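Here the protein sequences come in this chain order: F and W.
Read in the working numbering, the first sequence has 203 at position 191, and its numbers run on one by one without any break.
Read in the working numbering, the second sequence has 31 at position 19, and its numbers run on one by one without any break.
Treat the hints with care, since some could be wrong.
Given that identical chains are not distinguished, each listed pair holds provided it fits within a single copy or across any two copies.
With a cut-off of at most 20 angstroms between alpha-carbon atoms, the simulated EDC-like pairs for lysine to aspartate or glutamate come out as follows [said to hold, decoys possible]:
(1) Lys-281 - Glu-228
(2) Lys-281 - Asp-327
(3) Lys-281 - Glu-270
(4) Lys-281 - Asp-81
(5) Lys-281 - Glu-292
(6) Lys-281 - Asp-89
To be clear, the hints were calculated from the coordinates, so they are not data collected in a lab.
None of these values were measured; they are calculated from a predicted model.
Number of protein chains: 2
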Amino acid sequence: MCPVPNGDAEVGRLAGSAGGPARAAVVGTGMIGGSVLLRLRDAGLDVAGWDPDPATRRYAREQGFACPDTVEEAVADRDFVFLCGPLPSLPGMLSRVAAATDEDCVLTDVGSTKAALAAFADTRGVGHRFVPGHPMAGADRAGVASASPALLDRAAWVLCPDPAGVVAFRRLAPLIIDVFRARLVPMSPTQHDTVVALSSHVPHLLAGALAGAVQEAPLRDAVLALAAGSFRDGSRVAGTPAERTANMLLSNRERVLEELTRVTDYLDKLAGAVRAGDAEALTSRYRAAAAARTVLAGRNFASRERAFPVAGDADAEVAYLWELGAAGGYLSGCRVDAGTVSYIAHLPADAGPV
Amino acid sequence: MCPVPNGDAEVGRLAGSAGGPARAAVVGTGMIGGSVLLRLRDAGLDVAGWDPDPATRRYAREQGFACPDTVEEAVADRDFVFLCGPLPSLPGMLSRVAAATDEDCVLTDVGSTKAALAAFADTRGVGHRFVPGHPMAGADRAGVASASPALLDRAAWVLCPDPAGVVAFRRLAPLIIDVFRARLVPMSPTQHDTVVALSSHVPHLLAGALAGAVQEAPLRDAVLALAAGSFRDGSRVAGTPAERTANMLLSNRERVLEELTRVTDYLDKLAGAVRAGDAEALTSRYRAAAAARTVLAGRNFASRERAFPVAGDADAEVAYLWELGAAGGYLSGCRVDAGTVSYIAHLPADAGPV
């Protein structure tokens with residue numbers, strides 16, 4: 013784990029239920045979980061970690077973290093628990109942590125798909141205090157040695173509020189915004205999974221196909237010797253740990269396959285224009301594609317404040333939040349004060365009103 | 013155009029046929045051509061440029077370059093001419109330049125495909141002094157203002173020697189190696205076109221398909237807001253000028269479509285494993301793909317010298333050179349001395365003997 017950068021979290025706003033600093037636990041202290049742990053400690057929270065791997069627990073203790081031998085001890089009496097283990101472990105761990113924590117303990121996770129886990133939480137009766145989450149950060153690495161508080165700094169961080177869990181969302185959102193300086197993107201679990209299929213999962217499929225095909229090609233050595241930037245960039249995430257990529261893709265199967273057809277349809281049109289020698293069609297399709305890159309290069313946002321009564325219509329509040337995320341917007345503030353919850357929202361300046 | 017970095021070219025080895033410094037001309041002084049021009053001047057060559065655009069010619073003159081109004085004046089009495097215009101202009105320009113230059117003037121180009129132009133040069137009877145070339149460098153930009161001598165520094169630079177043109181190759185190779193500090197990759201034109209289909213052209217298709225599909229997706233704004241590194245990298249070259257990408261793909265149609273099927277076959281296998289929920293197959297395919305990335309990250313080369321009699325079997329010399337390129341190797345030296353041509357060759361340490 014690396015040194016902690018300057019944190020500008022307002023720790024006073026993150027007081028725990030017992031009056032002292034908020035108490036948080038991180039379950040699974042690999043690359044992402046370790047980074048969360050470092051950042052929470054930097055922000056002045058009372059933190060504990062746990063990992064199924066004894067060596068990782070030992071390492072965390074050497075870094076000065078409380079890291080008991082059982083997950084139950086680690087999460088007892090905590091205000092917030094972050095589930096940061098591998099995707100397939102999350103349902104089982106969510107049940108275990110839910111059973112070991114109080115009703116006012118907010119649970120969240122950092123897994124790369126959300127719909128299945130959100131549904132699981134509902135069936136287990138913890139949907140009202142589990143807020144599915146997904147920070148958009150990562151690296152071609154894994155393991156606690158790759159953890160760094162900078163990894164999550166200013167990341168886009170999806171949280172999935174639900175009418176039944178809006179109170180938990182309002183408690184977790186300020187922590188995510190303040191501690192991680194995050195752009196908090198509120199979305200429904202299914203919106204999230206559709207969006208990441210295109211923004212992350214399908215790109216992993218394309219990168220794997222490109223690198224895999226070259227690996228099997230007769231002229232492989234010459235191709236790699238002449239690898240242009242286009243190949244290097246296009247195949248980069250094929251170097252990500254294979255199990256993690258497989259877990260990610262399999263956890264979002266239906267949506268990955270559905271969004272993949274969008275991309276292969278466009279690919280077929282490009283290939284058709286190449287086959288037909290149709291320079292005009294090819295150029296116009298590349299111009300359309302370039303428009304997406306222009307948006308990525310920089311977008312103007314308009315900010316506005318939006319308030320809801322704390323005891324009001326949770327459906328309306330959540331509908332507003334989901335719509336904000338679907339329109340490419342994000343939150344930079346969430347404050348509950350005198351019966352009102354106020355959000356500071358940022359929306360692409362060219363989007364319609366939300 | 014930007015300032016010139018330190019050049020370590022041995023100008024003495026690049027003497028022109030008239031005894032003074034070698035005389036070179038660059039036809040088409042956009043991003044690549046302008047970069048070639050700057051670098052040649054830095055190495056002490058006597059250079060002239062020409063561009064069909066009067067404003068670009070004016071700009072080159074303001075930078076202190078000789079830049080006459082006609083291409084015929086620019087290339088007259090030159091030892092080397094670099095054709096750096098857009099791909100579709102190259103056949104016409106090759107004919108024009110060939111007619112305006114002497115028999116001992118070596119012609120080369122920097123276009124991104126080679127087989128068609130090499131065949132054209134043969135039909136026009138200039139195959140013996142035209143050496144097809146392709147420096148593997150570029151950027152998401154175009155135009156003379158993007159030219160920079162650093163752009164081509166230490167690039168992999170393909171030249172396509174031919175038995176009929178081996179003398180021209182032996183003259184051009186030292187210039188490319190010394191002036192640009194290039195890793196010179198010798199290949200046949202068809203090998204080159206097959207290799208760049210996978211190392212550059214198909215990656216452009218995948219990037220275009222990814223960015224284009226997202227641009228048309230209902231949740232486009234949310235996808236771009238959550239664009240992970242995988243999307244950013246995977247779509248980067250979709251931001252390249254559309255006409256240039258279209259020209260490049262169309263100039264290598266058959267091979268692009270053929271190599272694309274390798275990639276879509278691998279993609280189908282990945283998607284099939286996702287559909288079947290087969291984590292093992294998915295993981296093992298990603299492991300294979302990651303092997304290509306490991307090679308990219310760094311490869312050991314073994315160097316050896318190889319000599320041929322200048323008046324010997326050109327077929328054997330060229331066969332050796334083509335094989336070197338196909339095996340992922342490159343040249344860092346080419347010297348003609350006392351009836352012998354000596355190459356310093358570098359071959360991946362894990363490759364068989366060449």
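Next on the checklist: Within, between, both or neither: how does the pair Lys-281, Asp-89 come out at a Cα-Cα threshold of 20 angstroms?
Outcome noted: For Lys-281 and Asp-89, the Cα distance exceeds 20 angstroms both inside one copy (57 angstroms) and across copies (48 angstroms).
Exercise for review: Up to 20 angstroms between alpha-carbons, please classify Lys-281 paired with Asp-327: within, between, both or neither.
Suggested key: Answer is neither: 42 angstroms inside a copy and 42 angstroms across each miss the 20 angstroms cutoff.
| field | Within, between, both or neither: Lys-281, Glu-228 at alpha-carbon 20 angstroms | value | between (26 angstroms within a copy, 13 angstroms between copies)
Should Lys-281 paired with Glu-292 be assigned to within, between, both, or neither, using CA atoms and 20 angstroms as the limit?
within (13 angstroms within a copy, 32 angstroms between copies)
**Message:** If the cut is 20 angstroms between Cα atoms, do Lys-281 and Asp-81 qualify within a copy, between copies, both or neither?
**Reply:** Intra 56 angstroms, inter 42 angstroms, cutoff 20 angstroms: neither.
Practice item. Pop the pair Lys-281 and Glu-270 into one bin, within, between, both or neither, using alpha-carbon distances up to 20 angstroms. Key: both (17 angstroms within a copy, 16 angstroms between copies)
Against the hints set out earlier in the document, violations occur for numbers 2, 4, 6.
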